[in-house]
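Between the sequences and the hints, there should be enough to build the whole structure, so can you do that?
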Amino acid sequence: MPVLTATQSCPRTLRRRRGSFALQASILVGLLAASSAPTPLYALYQAEWHFSALTVTVVFSAYALALLVALLAVGTLSDYLGRRPVLAGALLAEAAAMAVFATAHGVAELIAARIVQGLATGAASGAAGAALLDFEYPGRPGRAALANSVTPVSGMAAGVLASTALVQYAPAPTHTVYLVLLALFTAQAAALALTPETAHPHPGAWRSLRPRIAIAPSARRTMLLTAPGVIAAWALGGFYSSLGPGLARTIDPLAPRAVGGLVFFALSCAAALAVVAARTLPASTASTGGAAMLIPGALLTLSSPYQHSLVALFAGTVLSGVGFGAVTQSTLRQLLSRATADESAGTLAAYYVLSYLAMSIPAILAGVLTNRYGLTTAVSLYGATVVLLALTALAVPPLTRRQPATN
Numbered sequence: 001m002p003v004l005t006a007t008q009s010c011p012r013t014l015r016r017r018r019g020s021f022a023l024q025a026s027i028l029v030g031l032l033a034a035s036s037a038p039t040p041l042y043a044l045y046q047a048e049w050h051f052s053a054l055t056v057t058v059v060f061s062a063y064a065l066a067l068l069v070a071l072l073a074v075g076t077l078s079d080y081l082g083r084r085p086v087l088a089g090a091l092l093a094e095a096a097a098m099a100v101f102a103t104a105h106g107v108a109e110l111i112a113a114r115i116v117q118g119l120a121t122g123a124a125s126g127a128a129g130a131a132l133l134d135f136e137y138p139g140r141p142g143r144a145a146l147a148n149s150v151t152p153v154s155g156m157a158a159g160v161l162a163s164t165a166l167v168q169y170a171p172a173p174t175h176t177v178y179l180v181l182l183a184l185f186t187a188q189a190a191a192l193a194l195t196p197e198t199a200h201p202h203p204g205a206w207r208s209l210r211p212r213i214a215i216a217p218s219a220r221r222t223m224l225l226t227a228p229g230v231i232a233a234w235a236l237g238g239f240y241s242s243l244g245p246g247l248a249r250t251i252d253p254l255a256p257r258a259v260g261g262l263v264f265f266a267l268s269c270a271a272a273l274a275v276v277a278a279r280t281l282p283a284s285t286a287s288t289g290g291a292a293m294l295i296p297g298a299l300l301t302l303s304s305p306y307q308h309s310l311v312a313l314f315a316g317t318v319l320s321g322v323g324f325g326a327v328t329q330s331t332l333r334q335l336l337s338r339a340t341a342d343e344s345a346g347t348l349a350a351y352y353v354l355s356y357l358a359m360s361i362p363a364i365l366a367g368v369l370t371n372r373y374g375l376t377t378a379v380s381l382y383g384a385t386v387v388l389l390a391l392t393a394l395a396v397p398p399l400t401r402r403q404p405a406t407n
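For what it's worth, the working numbering labels the leading residue of the sequence shown as 1, then goes sequentially.
Just so you know, the hints here were simulated from the structure itself, not pulled from any lab data. Computed from a predicted model, the values in this text were never measured in an experiment. Note that the Cβ used here is the ideal one computed from N, Cα and C, for glycine as well. Incorrect hints may have been included.
[Unchecked claim] Label pairs and their calculated CB-CB ranges:
1) Leu254 with Ala170: 21 to 27 Å
2) Val311 with Arg221: 38 to 44 Å
3) Tyr373 with Ala96: 35 to 41 Å
In structure tokens:
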């Protein structure tokens, strides 16, 4: 397989590099669009199959936990086998998951599809993210970090918006969106054959499957210091994705069905805009500002069921989305700037492990609390926890400035 090097600069090679970069970005967008597509459909599934809020969070979290397993086991596999074979296999598995979704007749099939989807997304995330770094044009550094930050949130926004529109207007929303995504992933897998291989395959693939965190040593301190803000941001993301539609219905049972899906769309869209806006700011400034925005976002969301106000819910969601985007963009920028090319896939995988743990475990706990104490109480406890984490994130920089940096 041909290997693209950073020194190649003829016009044809540059066009090929740009096309390959765009394909890798589209793969991440597609994968994350598929991850959010079920969110507006949960209410339809609940009405048809009569399951609880806890079951919703279990279905949601099955994806995140399977993704973690894949990240831990195969997060660095593309460094050994090459980017193309890992991505092609993951895309075909993702297409199979879409087929299961489209033909599902019960909760068990939803969970099975989410598990396959999580495994495929986990396998592809590190490889596609590393490939973006490989295809980055040397004359414009920073595009890969920006793409790694903006594609997940823009993908989630696109997926939930398309699914919401189908819920409102399509005759078979629980089938159509998955069939469209199935076709997309099949086409992307075929397009990979036209891209050059950027990794240097070498022995050690089997050994790399041993679950481990492979974060670059020079990035470990950064990961530790940014962890509270990352956890707060992704915990809010998990809440809005799994229980956001239910909260909207609790506040206004007579609101159109599309309103539930638009909650997570508002979060994702605000996050995508914040990622783009924060790219010119110093990473530390973006991180601090993002953590600060999470606090009023969580508080407004917490107060919305007591006020019976969808306006408060959406305002809190937008603020949370801005905080989410700024925190994730600045954290990825800091981590990737400290990792070498050989460490990039493992470092990205470690970041996603932290992120999806923060997204899935609190969401399941929120489902348990909702079943036991009601959604309003669960929102209050969830919001208070996020506020404490965000305050911790704000307290870290002043404390660390008093100590000499170790990196």
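Starting from the range 38 to 44 Å, see whether the pair Val311 and Arg221 falls in it by beta-carbon distance. Holds - the Cβ-Cβ distance for Val311 and Arg221, about 41 Å, lies within 38 to 44 Å.
Satisfaction of the hinted span 21 to 27 Å by the C-beta atoms belonging to Leu254 and Ala170: 22 Å, holds
Using the C-beta atoms of Tyr373 and Ala96, is the stated range 35 to 41 Å upheld? 38 Å, holds
Every hint, counting from the list given before, is met by this structure.
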